[in-house]
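A.B. asks: All chains, please: the whole structure from these sequences, using the hints.
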Amino acid sequence: MIQMTRLFYIFIFLVTMTAISCSREGTGDKDDASTITIAGSTSVMPFTEKLAEYFMLDHPDFVINVQGGGSTAGVQACLNRTVDIGMSSRNLKDDEKTLNTITICNDGIAIVVHPNNTINNLTLEQIRDIFNGRIKNWKDLGWIDRRIDAVTREEGSGTRGSFEELVMNKMEIDDGIMVQDSNGSVKEIIATDPYAIGYISLGLLDKRVKGLAIDGIAPTVENIKNGSYLIVRPFLFITNGTPGEKVRLFIDYVLSNDGQTILKKEGLIDIM
Amino acid sequence: MTVTALKKEQFVKFVLTVFALSSLLFLFLIFAFILIEGLPLFHKAGLKNIIFGLKWAPTKGLFGIFPMIISSFLVTFGALLIGGPMGLSCAVYLSEYSGKKMKMLLKPALELLAGIPSVVYGFLGVIYIVPLVRNFLGGSGFSLLATSIILGIMILPTIISISFDSIASVPKSFREGSLAMGATKWQTLYKVVIPAAKSGIMAGFILGMGRAIGETMAVIMIAGNALKIPTGILDPLRTLTGNIALELAYATGDHRQGLFSTGVVLLVIIMALNYIANFWIKKKRLN
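Those sequence lines, one after another, are chains E and G. Under our numbering, the first residue of the first sequence carries the number 1, and numbering increases by one thereafter. Under our numbering, the first residue of the second sequence carries the number 1001, and numbering increases by one thereafter.
No lab work stands behind these hints: they were computed from the structure. Glycine residues also receive a C-beta, built at the ideal position from the N, C-alpha and C atoms. Any given hint might turn out to be false.
[To be verified] Residues of chain G clear of chain E, computed beta-carbon distances all greater than 12 angstroms:
id, residue
1, L1110
2, A1114
3, I1127
4, V1192
[Stated by the list, open to error] Examples of chain E residues lying across from chain G (beta carbon under 10 angstroms, computed):
id, residue
5, G68
6, V75
7, L92
8, D95
9, N117
10, T118
11, A150
12, G156
13, G158
14, D175
15, G176
16, Q180
17, N183
18, E188
19, I189
20, D193
C.D. replies: If you want it as C-alpha cells, here you go:
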C-alpha cells in the first residue's frame, strides 16, 4: 500500500514537472530569434524544408517553421496573417488575387504509364477523354484490348487542381477513376499495374514509370524551359502585402543562385 | 487505520474515479466535436442530398455520400463472407477439437494477428493480393474483392475470440446429454452447441462488422477509392472512412464540414452496430 501511494506521488510529481516545463517553453524568448512561419502545399513543402535547412546554416539566428496543410490552407493562413509565407502549387483563384505571389520555380506534371506500355505519345484530347471516362480501353489508343486503370489525385490536391486546369479544360474527372492521396502512391500503382495511367510531379519521374509525350513533346526540363511542354504549374510563395525585412531575406535566398541550384538538383525547373 | 491512511485512501479513490470518468468525457467530447462540425452542413445542403446524393464534388458544392455508404457495407459484408466461416470454424476447432498444446499455439498466434498494425495489412494487400486479383481475374486489382479479403483476415481475431468464449461457455451437460442420446460429435456441435452459442456468435460477427466498417488505412491502400458505386467485385470503391482520411489534409470550409458529415454518418452506423451486438449479448444472458 505504501509503495502504491509512493508510486502515485511520483506520478503526480512527474505530471507537474512536465506541465511546468511545457509552460516555461511557451513563455520563452519569443522575439530573440527571427522566426519565419511557412505553411501550405505539401508538394512545395519538402523543397522549402530543404531550402530552409541550407538557409539556417548560413543564418544561425533564424528559425524557420515549415508546415504542410495544402495549397488552399496555405492561402487561407496567409489571408489570416497566421503565417509569414504561404506555399501554393496552383495559381491563385480570383478571390485570392489580393495576395502577393512570388514564383520560386516551376514544376511539370508528367502523364505516366507502366514501362511495358508500348504507347509513347498521346494527344491532350486523348488524355482528357481517358480521365473524363470516354475512352475506357487501351484498344482505342492502339494498344491491347484491356481496360484502362486510370488514377487521379484526391479532391483539393494542388496537383489535381493544376491537372484539371491545364488538361481537363473544364471537363469533369470521371467518378469511376481510382483516387490516391499522394504523388508517391499514384506512382506506386503505375509502377506495378501494366495497364495504369496517372499523373505525377515531373521531379519524381524515374525508370519505374514512363512519362508520355503529349502531342509529340516529351516531358523534359528543356521542353518546359523552351515553353513547348505545356502542363506546367508554378510553385508559389505567397505573402500578405509586402514582406518584412527578415522574410525578404529568406525569399531573396530562395531566388538567388544558391537557392535555385538546390531546387534544380531536386528535379524542378529553376527560373534563372 | 489511522486518520492519515484513511485520507490517503479517499484521495486515491477520488483520483481513480476522475481518471475512470475521463474515458466517458472523451467519448462525449468526440461526439460533441463531430456533431458540432458535421451537423451545420446537413442543415445547409439537406439531409437527403447528403445521404442519398450520388455525386461527391465538395469543391463544387455536391456532398452526396450514398456511393460510399453502399461501398462501406459492401466491403463489410464481403469481409464477413470471408472472415465469418473461417473465424467460426477456428472458434469451434479451438473449443471442441484442439488439444491443449494446439490451443497454446493458436491463442497467442491469434492475439498477434489482432496486434498487427493495419498499415501492414494494407501493405501486404498492395504487394500480394492486388497483383493476384489483377493477374488472375482482371481489372486493376484495387477492388472490392481485394479489400474484402484483407478485411476478412483483419476481423478474424474479433470473431474468433468472441465466438470461442460463447461456445466454450455452453454447459458441459448439453454436450453430454446429446452424446448420451447417441448423437455423433458433429451432430452435437451442429444441433446443440452452436445453436446454444448463437447469440454470442452473432455478437462476434457484428463486432467484426464494426471493425471492418471502421478500418481506414488498409482500405485506402487497396480499395482504389473511386467514387462510383461498384458494379462488380473487381471494381474499385471508396468507403466512408477512406473518404475522410483521403481528403482531410487539403480540405477547408464546406469541404471540411462535408468530411465531418461523413463522420456523423459513420458514427451513427457504428453506434447502431454496437447496439445490435449488445442486444445479442444481452439475449444470451437472458437464456
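A.B. asks: Take the hints in turn and mark each one as holding or not.
C.D. replies: Consistency of the hints with the structure:
Taking the minimum C-beta to C-beta distance to chain E, about 31 angstroms, the non-interface status of L1110(G) holds against the 12 angstroms cut. Listed as outside the interface, A1114(G) is consistent with that label: its C-beta sits roughly 26 angstroms from the nearest C-beta of chain E, beyond the 12 angstroms cut-off. Non-interface status of I1127(G) relative to chain E is broken: a Cβ of that chain comes within 12 angstroms, the nearest being about 8 angstroms off. Annotated as non-interface, V1192(G) keeps its C-beta farther than 12 angstroms from every C-beta of chain E; the closest such distance is 48 angstroms.
A distance limit of 10 angstroms between C-beta atoms decides the matter here; for G68(E) the minimum to chain G is near 7 angstroms, and the interface restraint holds. Checking V75(E) against chain G by beta carbon gives a least distance of about 9 angstroms; that is within 10 angstroms, so the hint holds. The closest approach between the C-beta of L92(E) and any C-beta of chain G is roughly 14 angstroms, which is over the 10 angstroms cut-off, so the hint fails. A distance limit of 10 angstroms between C-beta atoms decides the matter here; for D95(E) the minimum to chain G is near 12 angstroms, and the interface restraint is violated.
With 10 angstroms as the threshold, the beta carbon of N117(E) stays out of range of chain G, its nearest partner Cβ sitting at about 14 angstroms, so the hint is violated. Interface hint at T118(E): violated, since its Cβ lies 19 angstroms from the closest Cβ of chain G, which is beyond the 10 angstroms cut-off. Residue-level restraint check for A150(E) holds (minimum Cβ-Cβ distance to chain G is 9 angstroms; threshold 10 angstroms). Evaluation of the G156(E) hint against chain G yields a held restraint, the C-beta minimum of about 3 angstroms falling below 10 angstroms.
Residue-level restraint check for G158(E) holds (minimum Cβ-Cβ distance to chain G is 8 angstroms; threshold 10 angstroms). A hinted interface residue such as D175(E) counts as satisfied when its beta carbon comes closer than 10 angstroms to some beta carbon of chain G; here the least separation is about 4 angstroms, so the hint holds. Nearest Cβ of chain G to the Cβ of G176(E): about 5 angstroms, under the 10 angstroms cut. The hint holds. Hint status for Q180(E): holds, given a least beta-carbon distance of 7 angstroms to chain G, under 10 angstroms.
Of the supplied interface hints, the one on N183(E) is violated, with its beta-carbon coming no nearer than about 13 angstroms to a beta-carbon of chain G, more than 10 angstroms. For E188(E), the interface hint holds, the least distance from its beta-carbon to any beta-carbon of chain G being 7 angstroms, beneath 10 angstroms. Against a cut-off of 10 angstroms between C-beta atoms, the interface hint on I189(E) holds, since the closest Cβ of chain G lies about 7 angstroms away. For D193(E), the shortest C-beta to C-beta distance to chain G is roughly 6 angstroms, which falls under 10 angstroms, so the interface hint holds.
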